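Throw the hints in and build the complete structure from the sequences for me.
Taken in order, these protein sequences are the chains called A and B.
Once you know that position 130 of the first sequence is 130 in our numbering, the rest is easy, because the numbers rise by one and skip nothing.
Once you know that position 289 of the second sequence is 1289 in our numbering, the rest is easy, because the numbers rise by one and skip nothing.
Treat the hints as calculated values from the structure; they're not laboratory data.
A few of these clues could be false.
In silico DSBU-like links for lysine-lysine, alpha-carbon gap of 35 Å or less [said to hold, decoys possible]:
hint: 1; chain 1: B; residue 1: 1091; chain 2: B; residue 2: 1010
hint: 2; chain 1: B; residue 1: 1091; chain 2: B; residue 2: 1106
hint: 3; chain 1: B; residue 1: 1106; chain 2: B; residue 2: 1010
hint: 4; chain 1: B; residue 1: 1106; chain 2: A; residue 2: 276
hint: 5; chain 1: B; residue 1: 1088; chain 2: B; residue 2: 1106
hint: 6; chain 1: A; residue 1: 276; chain 2: B; residue 2: 1010
hint: 7; chain 1: B; residue 1: 1088; chain 2: B; residue 2: 1010
hint: 8; chain 1: B; residue 1: 1091; chain 2: A; residue 2: 276
Since we're looking at a predicted model, the values are computed, not measured.
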Amino acid sequence: MTSVPQSAPARVVSNRRLNPEIHELVLRLPAEWGPPEPGQFVQVECLPANPFILKRPFSIARSRLGDLGMELHLVYGAIGPGTEALTRRRPGEMLDVIGPLGHGFRPVPGRRPVLIGGGRGVAPMIALADGLAPNYEDGILIFGARGSAQLYELEEVPYPVTIATDDGSVGFHGNVIQLLEQLRGRGELRPEENALYSCGPNPMLHALSDWAGEHGFPCQVSLETIFGCGFGICAGCAVPVHAAEGEESDEFGHYRFACVEGPVFEGHRVDWEGVKE
Amino acid sequence: MSERPDLSVKVGSLTFPTPILVASGTFGYGTESPELTGARELGGIVTKTLTIEPRRGNAPIRLHETPAGLLNSIGLQNVGVQRFRDEKLPKLRELGVPIVASIGGKAPEDFVQAAEHLRDVPGIAALEINVSCPNVKEGGIEFCQRPDSAAAVIRAVRDVATVPLWAKLSPNVSHIGEVGRVCRDAGAEALTAVNTFVGMSVDPRTRQPHLPGGTGGLSGPAIRPLALAKVWETVRVTGAPVVGCGGIATAEDALQFLVVGARAVQVGTVSFRIPDAARRIRQGIEEFLSREGLPGIESLIGTYQPPQ
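And the structure:
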């Protein structure tokens, strides 16, 4: 049962830099908040009260209900004025948080999970691994990055982690598609046995969806777009999708809102030509 | 013990429980997460603009944030007036809040047809005629920039509608009061002022606009003083009931519009940041009236003291 989204004050527990490009924010919410499903996200106030700035969307890397409340781990990059301001929030400060929001990952029954995170997109893969592990023992997590500077230590992930770097500085030398291709070639990945789940930069998700489609793997991807509200009232986060088979035209004329119908989509349903990369 | 101040207001022939409504295009169909948005406590909900056919809307990117503001180019994405009536409206009615249906189109006939689909439909208190959308190239903005064509739309809809009409005015004109007066004379019972300001933002690195269409509609606190001046002009020139809109984010902001004579206000972009902002603004107004010892909001509306 999906939790009803709430707006709630969150206390900053910690806010630290994991590598030159990635930060981790840990927030504590009331115990009755959530719980989130893997792939859901939150809208976080980055600059309290003034000046006026929209909340920013963050996928949830980990959620744990403890004695003091619901702890959320968020992983983010300082990529604009909002997230830049967020790096300056200190433990003890309060930030408004709305969530849990969106449509998360849907486990494909009976399929061994292959989780693929690109850069800071690895965050919801950790939540998904936590969520899947009790029922799907033999999953794997692939963490792809440009190089060692974009990696960080993944703690207590229930699946074995394989690293792929474009520059070969750590782990497999190549991108995640090349690694998947190698695994498939060795018979370690089979379209009838595995399901792919991913989050990362749009060009990576596009390439992955194409690769999955070509080889017949089910593939769900979590898309990053610009959100206004995060809960379906602004119509800002349109994602172009192909009509499903037998479907004429849906109510949104093949634009879906990433915030309520996503952020997780079937990779082959996304009209990648229309997605801003 | 003092009684709670009376927040009910009259806008033309209609009475609203509070003067705090939510603006078209900033509150979906009103039924999205009502617990989060506090929708049941609103003075009224103005729907997304409805068109006779469903509209796909504009290609992404549709939003670009600017200082204290938001540029948008949604392109009137909506399910169409029939699906609204059959699927969205029943849920919206359950909220028990006055509903103003916003309608749009490319030509007067489109508005008329949309109005016909909503004729005698229970639960719709008024129609807001969107003759001012800046993001539909072939559409809206043309109407409002030319007072005669805006008036032609209002007149045409007047002939088929069974509820009061509100004309939503564009601020992108030299004399908003003149456009408002013509719309009033054509049969608009009230005037909503204002829609978004045309704005633009460019990435100096790529030399391209942030929004693919080049320009968008600017909303948010950045436009509040601009909107307030337009509302004051509309009130002064037309004498018609005005519903104020533009950048309202706090109770203090809403009070400014009411003082200059708006009979109600619409809260917009702030709902994206604070989903129940409209409810909080209403609470803030209640507190203000109590502090000032005023019996109700009517004692404040139109009490502006202009410079001599």
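(message) Just to be careful, I want the Cα atoms of residue 1091/B and residue 1010/B compared with a cutoff of 35 Å; is the pair within it?
(response) Holds. Residue 1091/B to residue 1010/B sits at ~25 Å (cutoff 35 Å).
(request) Sort out whether residue 276/A lies within 35 Å of residue 1091/B, counting only the CA atoms. (result) Answer holds: residue 1091/B to residue 276/A is near 34 Å, not above 35 Å.
(request) For the pair we were handed, residue 1088/B and residue 1106/B, check the Cα-Cα distance against 35 Å. (result) holds, 23 Å
(message) Can you confirm whether the C-alpha distance between residue 1106/B and residue 276/A stays at or below 35 Å?
(response) holds, 28 Å
(request) Would you check the hint for residue 276/A and residue 1010/B, treating anything up to 35 Å between C-alpha atoms as holding? (result) violated, 46 Å
(message) Between the alpha carbons of residue 1091/B and residue 1106/B, is the straight-line distance 35 Å or under?
(response) Judged against 35 Å, a Cα distance of about 28 Å means the pair holds.
(message) Does residue 1010/B sit within 35 Å of residue 1106/B, going by the straight-line distance between their CA atoms?
(response) holds, 31 Å
(message) So if I understand the rule, the pair passes when the alpha-carbon distance is 35 Å or less; does residue 1088/B with residue 1010/B pass?
(response) holds, 27 Å
Violated hints amount to a single one, hint 6; each of the other numbered hints is respected by the structure.
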